[in-house]
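K.L.:
For the record, the sequence lines run as chains E and C. If you count by the numbering used here, then the first sequence holds residues 1 to 229, one letter each, in order. If you count by the numbering used here, then the second sequence holds residues 1 to 224, one letter each, in order.
If you are wondering where the hints come from, they were derived from the structure by calculation, not from laboratory data. Backbone N, C-alpha and C fix where the C-beta goes; we use that ideal spot for every residue, glycine too. Certain hints may be false.
[What the hints assert, rightly or not] Simulated restraints, written as ranges between beta carbons of each label pair:
no.	chain 1	residue 1	chain 2	residue 2	range
1	C	L205	E	Y128	22 to 32 Å
2	C	P130	E	I37	24 to 34 Å
3	E	L9	C	V35	40 to 50 Å
4	C	G79	E	S3	45 to 55 Å
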Amino acid sequence: MYSKGLKPLSIATVLLLAMALALVFFYAPNDADQGFIQKIFYVHVPLAIVALCGFVAGGVMAIKHLRSGDRSWDARSYVAIHMSIIFGTAVLITGAIWAKASWGHWWVWDEPVLVSFLVVFLLYCVYYPLRFSIEDPDRQARYSSVFAIAAGAFVPINFAAVRMAESFTHPRVLSQTGGSLPGDMRLTFLVCIAAVALLFVTLWKLELTAKNASMQLKRLRRRLEEAAA
Amino acid sequence: MIGTARAILRKDLAIELRTKESVPAMTLFTVTVFVLFHFGLDRDSLDGELASGVLWVTLLLAAVIGVSRLFAVEREQGGIDGLLLAPVDRTALWVAKAAAMFLYLTALELVAVPAFGILLLGPDLLTALPVLIPILVAANVGLAAIGALVSALAAETRAHELIVPLLLLPLVVPLLIAAASATEPLLRADQSPADLGRWLGLLSLYDVVFVLIAVAVFDFLLDD
Numbered sequence: 001m002y003s004k005g006l007k008p009l010s011i012a013t014v015l016l017l018a019m020a021l022a023l024v025f026f027y028a029p030n031d032a033d034q035g036f037i038q039k040i041f042y043v044h045v046p047l048a049i050v051a052l053c054g055f056v057a058g059g060v061m062a063i064k065h066l067r068s069g070d071r072s073w074d075a076r077s078y079v080a081i082h083m084s085i086i087f088g089t090a091v092l093i094t095g096a097i098w099a100k101a102s103w104g105h106w107w108v109w110d111e112p113v114l115v116s117f118l119v120v121f122l123l124y125c126v127y128y129p130l131r132f133s134i135e136d137p138d139r140q141a142r143y144s145s146v147f148a149i150a151a152g153a154f155v156p157i158n159f160a161a162v163r164m165a166e167s168f169t170h171p172r173v174l175s176q177t178g179g180s181l182p183g184d185m186r187l188t189f190l191v192c193i194a195a196v197a198l199l200f201v202t203l204w205k206l207e208l209t210a211k212n213a214s215m216q217l218k219r220l221r222r223r224l225e226e227a228a229a
Numbered sequence: 001m002i003g004t005a006r007a008i009l010r011k012d013l014a015i016e017l018r019t020k021e022s023v024p025a026m027t028l029f030t031v032t033v034f035v036l037f038h039f040g041l042d043r044d045s046l047d048g049e050l051a052s053g054v055l056w057v058t059l060l061l062a063a064v065i066g067v068s069r070l071f072a073v074e075r076e077q078g079g080i081d082g083l084l085l086a087p088v089d090r091t092a093l094w095v096a097k098a099a100a101m102f103l104y105l106t107a108l109e110l111v112a113v114p115a116f117g118i119l120l121l122g123p124d125l126l127t128a129l130p131v132l133i134p135i136l137v138a139a140n141v142g143l144a145a146i147g148a149l150v151s152a153l154a155a156e157t158r159a160h161e162l163i164v165p166l167l168l169l170p171l172v173v174p175l176l177i178a179a180a181s182a183t184e185p186l187l188r189a190d191q192s193p194a195d196l197g198r199w200l201g202l203l204s205l206y207d208v209v210f211v212l213i214a215v216a217v218f219d220f221l222l223d224d
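Isolated chain E, as found in the complex (with noise of 0.2 Å):
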């Protein structure tokens, strides 16, 4: 039920992502601040932004879930989840290689980005725990619902919070990597955040259809022992 329209989607984003990658190498000009390792802004930047709103999608789905009742919402929240924190490990690398290039240190706490960031990954890690030291199947959708409703509110929060105490210490311009792009990098990063958004979405659904057929197939066995019993 969830493959449909896997195949189409797995093509574009593979053809998405070359391009992407294309750009970043070949058409997006080096920084002239901070010469070649700026690019890792290109995967850093659109990870944590769709990492980010996974974590909201997963709240939202969770919302939808304890409204409806519905058990196959809490597998897509639990599944956009678990995808939002392979993300997000992969966010927390590359922000420490980028910092340590550009600023020397493995980690900076004077940007509350990737600080609050870091809260927020160490909160939805608890999700695991929580999720599987509940038994019952259906107590488990309801309270990892609960906890994904609670987080999903808990992230802007926490980015206001961490900026508040950071601005005040360290008073920051928009810097060189955010507000204003010129062009090209512009273009390439607007299609490196497509590229992501897209393999979210694939590696989304492919989970899911897993996780279905996995059930199904248990679902199929024990019958399958009841009718030999």
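Guided by the hints, dock chain C onto chain E, whose structure is given.
P.N.:
Below, chain C without anything else, positioned relative to chain E:
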């Protein structure tokens, strides 16, 4: 609903008064942590950022103890079935638990803050107190709201003692930022509040958001 909440709260307070489980443990914990900080930092008195950070981190860690005990009676003695069988609104249960948590925190701070003033704080505590009290109250409201929700979330899990701190501590990061930043100028040598409105604003925003979320989603917990 208010009547139900009051009845549950009265039951919780009666149990706490008789068993003396949560509040004495939390208090003892904070004083021990202050002693640990004295040796860990090797300082006789603290001021400014260090003082406000030590105070707030200690209070939050003590809150973890309270939160993990919040549904203890219901969980261990099966009282939850009785509560759930009764035809009462789940929100009343949350209100009662959050109110109990708020009272526990207030009782804790009545001891912990003076103890901090005596043991570790360099500048005078009394001068800071008129502004510190609203900060403590605002933080307690948020902690109680989120604490009751987290406690209910973790109540039905196997690894309950594990889930509560892991879940609560990241969730209170914004609260810690606002409370510690608001307290910091009060504990500096010159003791003048700065940017108080902004941090109290953030604290109240946090309180409002998590009270609303908790009320909205609590119905789906503990419901069988």
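K.L.:
Going back to the hint list, which numbers does this structure go against?
P.N.:
2 and 3
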